[in-house]
Structure formats: structure tokens, C-alpha cells
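Protein sequence lines, in the order shown, are assigned to chains X and Z.
Position one of the first sequence corresponds to residue 1 (my numbering), numbered consecutively onward.
Position one of the second sequence corresponds to residue 103 (my numbering), numbered consecutively onward.
Each hint should be verified, as a subset may be incorrect.
Below, in silico cross-link-like pairs of lysine-lysine (DSSO-like), each with a Cα-Cα straight-line distance of 30 Å or less [said to hold, decoys possible]:
(1) K256/Z / K74/X
(2) K394/Z / K367/Z
(3) K394/Z / K74/X
(4) K362/Z / K134/Z
Pairwise CB distance ranges (calculated) [as the list claims (entries may be wrong)]:
(5) L37/X / D363/Z: 32 to 40 Å
(6) S226/Z / G70/X: 24 to 32 Å
(7) P360/Z / M63/X: 29 to 37 Å
(8) D229/Z / V92/X: 16 to 24 Å
(9) K74/X / P360/Z: 15 to 23 Å
(10) G289/Z / Q79/X: 17 to 25 Å
Stretch-level coverage of chain Z by chain X, calculated; a stretch enters the list once three of its residues show a Cβ under 8 Å from a Cβ in chain X [said to hold, decoys possible]:
(11) 107-118
(12) 269-279
Everything labelled a hint here was simulated from the structure, so no lab data went into it.
In this text, all values refer to a predicted model and were calculated from it rather than measured experimentally.
Here a beta-carbon is modelled for each residue, glycine too, at the ideal position from N, C-alpha and C.
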Amino acid sequence: MATRSKGDQGGRVILGKKIVCFCEDLTEEDVLEAIRLGYDDIETLKRYAGFSTGPCQGKTCLMHVLRLLGTEKKLKPAQLRLTTQRPPVDPVRLSVLAGETQ
Amino acid sequence: MRVIVVGAGIMGLSIAYNLAVRGAEVVVLESKYPGSGLSVRAIGGVHSQWDNEHDIKLARRNREALERLSGILDFNIPFRQDGYLLLATDEDQLMHIKECAKIQQSLGIETTTFSREEISRRYSMLDESSVVGGTLSKDDGSIHPFSVVFGYWKGLIEHGGKLLRPTFVKGLETEGNQVCALHTDQGSYEADAVVLSAGVGTRSILQSIGLDVPTVIVRHEMLATEPLKFFLKPMLELYRDKLYVNQSLRGEIICHIPRKDPNPKDTRSTLEFLEEAATELTSLLPSLRAAKVLRSWAGLVETTPNSGPLCGKIGFENLWVALGDSGKGIMLAPVIGELLSEEILTGKTSDELAPYCPRSEQKK
């Protein structure tokens, strides 16, 4: 399944280790496998595979996964939708939210 | 028998799976994606610390069903039985939960009562100053809600069932004392029986055919922190329905609080919740001060007057509802799936479900 994709212009490709989500160590192959199992809308895919749930909250991974989902399901960019973006934008300490001064 | 289930949350999928296993032809209609209401927003707490025999027995049977679920569905469903600790913050609450514990014990549930000193000694991570005591049910705990949704979904498909998404139900067509068809944005479907398990969407479908249920919607907000070294067990609840805290298997601290906004309609997140939750969490678990919040979210919970489920036949000879679980879907879906599917196929209401039937709700 892991083959050199069209975008690879030479260089070394480590097959089976194309990481799309660094928070959860998810590879491109993991995401494609999940899509093929039927978790083929972005919300379901997120909950099954776990991308977009780590410290980056999707800032690193979501576009990669949307690209894979769009390619695999033959969807146009306009047909893809984002997962709901939620606060906080960056991780915030509980002590700060609790109003502690230290 | 062809059954249409409206709503692919934990409840709808459990009922659909159990119907398919028993030989029915099942189609599930889902307006968004599987679990999209509360099922993928839940904290996953599972416990039997209720105040009456019916609820306790149903919860126990459900826990036993959850213990077997991974094997039956051949799907990894992490169910952690680290215990469920209910904490009382005043003497009245403590007296009440101690009385409930006695009922639970009389039914064979291993619930233990603790004083503040015992809580302090046993759970060093807790700042017990706001707590007067608590009760622990040691075989309870928490389950990963998404995997229950996915497990039932997989099981449904393997048994010949169908899940159609996104398919939005616009209304039901009735004839005499029967519901004969469902009209959706993807066309119409005929059915021998219809089950409504669409969470907060159920009531408007019922109202379209002149029925109603006495439910109120409450917005709950939740947060998750970054993953931390495992330190929190059992799962905690501040009595009652005030604050829930659990540490997921991945290490995140997950916390949720019911909000008080009147007539909530959306699942927006608020800063007020983050501030309140952070204050509560850091005073109960002081070591969390340095933990960072990654995400907050919200869900709409349909609550019933007695905070129990409403499930059974309603209004028509072939129409069933499974709703108003007051956020207890995960605590009851496996057992309700088993019992309600048998009721639909045989026409006989089980003793376990009889108290939750919409018609007999007043009698409970």
C-alpha cells in the first residue's frame, strides 16, 4: 500500500513512516487505513484515528488529513469541511484560568 | 421485520445492533455522523450509585454487559473499572449518599462509605477541605465512549444492518395507530417499526405527530488537559451533577460541569466555564495548577423530570423512543439495546424496562 506518491521528486522516502500527526504519531498509512475501514468523514476519522486531539489541536495535522481524505474519496476542496475549532487557541495553564497571580 | 432507527448515537446504535443480531432488517438514519450528539462528547463515567432499586439493577446489568462488549463486538473498547467516587460537600448530601449506599449494598453492589479523614488518607491527590465524605463503588469506572459507538457500528454492519448518513428526518407519516413511513431529505422510507433515539432532536420529531415528552435541555461544558502521568483514580463526581473529573487512558484530565443558561440551543464554548472549571479543579486537585488546558467543548443533554431514561412504546403501536437519558447514554445503552430490541421484536415489555416506559413514567 505504501508507495512513492507523485509528489516525491527523488530524495529518500521512508515507506510506512510518513507522519501526518506528530502529537499522536499517526502516519499517512494509518489515516488511509482508517478511511478505507469506513471512518470516512472528517469528524469520525478524527475520533477514530486521534489526530487533532493532541497539543497542536489540528494546527499541524488537519490539512494533511484533509488532503488524504479528499484524495481518497475524490472530493474537491470545497466539499471538505474542517472539524470544529475550540478554545483555547494555545494551551493555557489551569492556574491562569483560575485567576491565580503566581 | 424492517426497523428504522433514527439517530446513530450510542443508544441508537446499540438498539440497532441488537435488533440486527436478532434477525431484524435494520436501517439507521443519522443526520450528521455517528455519535455526533452527546456520544462523542461524553466523559464516559459508568456507575451504579443510584437511589432506587430499578436504576441500580439496570446499571449493574449494564456494567456486566460493558465488561463483555469488547469480546462480543471484536472491537477494542477500553473499560476501566478503577471505581467511581461520589464526593459530598455537606452533611445532608453525605447522609443521602450513605442511605443510597445501603440500598446499593442490599442489591449486592460493593459500595463503601468514607469519612473526610478516610478520603484524605486514601486519596492523597485530593484536597479534602471542601469535602465531608463520599461513597465509592469499586467495580464502576469509565469507558471510552467513541469506541463503543464504533464497536456497535461495526457490529451493525457485520450483521447486515445499514447506516445512512447524512440523512435528516423531516417527519413521520402515520396511518391509524401505526407509523407507516419516514420522510427525510434523502427520500422516504417505509418501516414496520420506528425507534427514535435522536437525543435532543427526538422531541421535535415527536411533536410533528402530536406527541410530547417532558424533557428539558441542559448544556454541559467540558475540557481536556494535556496528557499527564497517570495519577487519578477512581473517577470523581462532586455530588450531585456538580463536577465530574476523570483521567483518560491517554493521561488527559477530563472535566465537565452542567451549565445554567436557560433554554440552550448551541454547543458553543465559554470562558466562564473555563474559569469556573479551573477554579474547581485546582482547589480539588491542587497538583493540576500547572496542567495546561488543550481544548474545551460542549454538549446538549436532554434531562427528564426524574433524571432517568425514557424508553418504550409511545403514542403509536410501532413507535418507540429511547431518550432523555440525562446524559446517561453510555451507562445504559448496552442494556437498553438488549431489552428494547427484544421488546420491539416480541411485543413484550420486560420488567426491567417497564418503569422507564413513557406512559408509566408518572408511576415510577
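Now the hints, each set against the structure:
Straight-line distance between C-alpha atoms of K256/Z and K74/X comes to about 24 Å, which keeps the hinted pair within the 30 Å bound. Taken as a hint, the K394/Z and K367/Z pair is honoured in the structure, with Cα atoms around 29 Å apart against an allowance of 30 Å. For the hint pairing K394/Z with K74/X, the CA-to-CA distance comes to about 38 Å; that exceeds 30 Å, so the pair is violated. Between K362/Z and K134/Z the CA atoms are separated by roughly 27 Å; this keeps the pair inside 30 Å, and the hint holds.
Range check, L37/X to D363/Z: Cβ separation about 39 Å, and the 32 to 40 Å hint holds. Checked against the hint of 24 to 32 Å, the C-beta distance between S226/Z and G70/X comes to roughly 50 Å, which is inconsistent with it. In this structure, P360/Z and M63/X meet the distance hint of 29 to 37 Å, their C-beta atoms being roughly 35 Å apart. In this structure the hint that D229/Z and V92/X lie 16 to 24 Å apart at CB holds, the actual value being about 22 Å.
For K74/X and P360/Z, the hinted distance range of 15 to 23 Å is not satisfied, since their beta carbons lie about 43 Å from each other. Against the hinted window of 17 to 25 Å, the Cβ-Cβ separation of G289/Z and Q79/X comes to about 21 Å, which satisfies the hint. Check result for the segment 107-118 of chain Z against chain X: violated, 0 residues qualifying (beta carbon to beta carbon below 8 Å, three or more required). Counting residues of the segment 269-279 of chain Z whose CB falls under 8 Å from any CB of chain X gives 0; the rule of at least 3 is not met.
Hint compliance for this structure: hints 3, 6, 9, 11, 12 are not met, and every other hint is.
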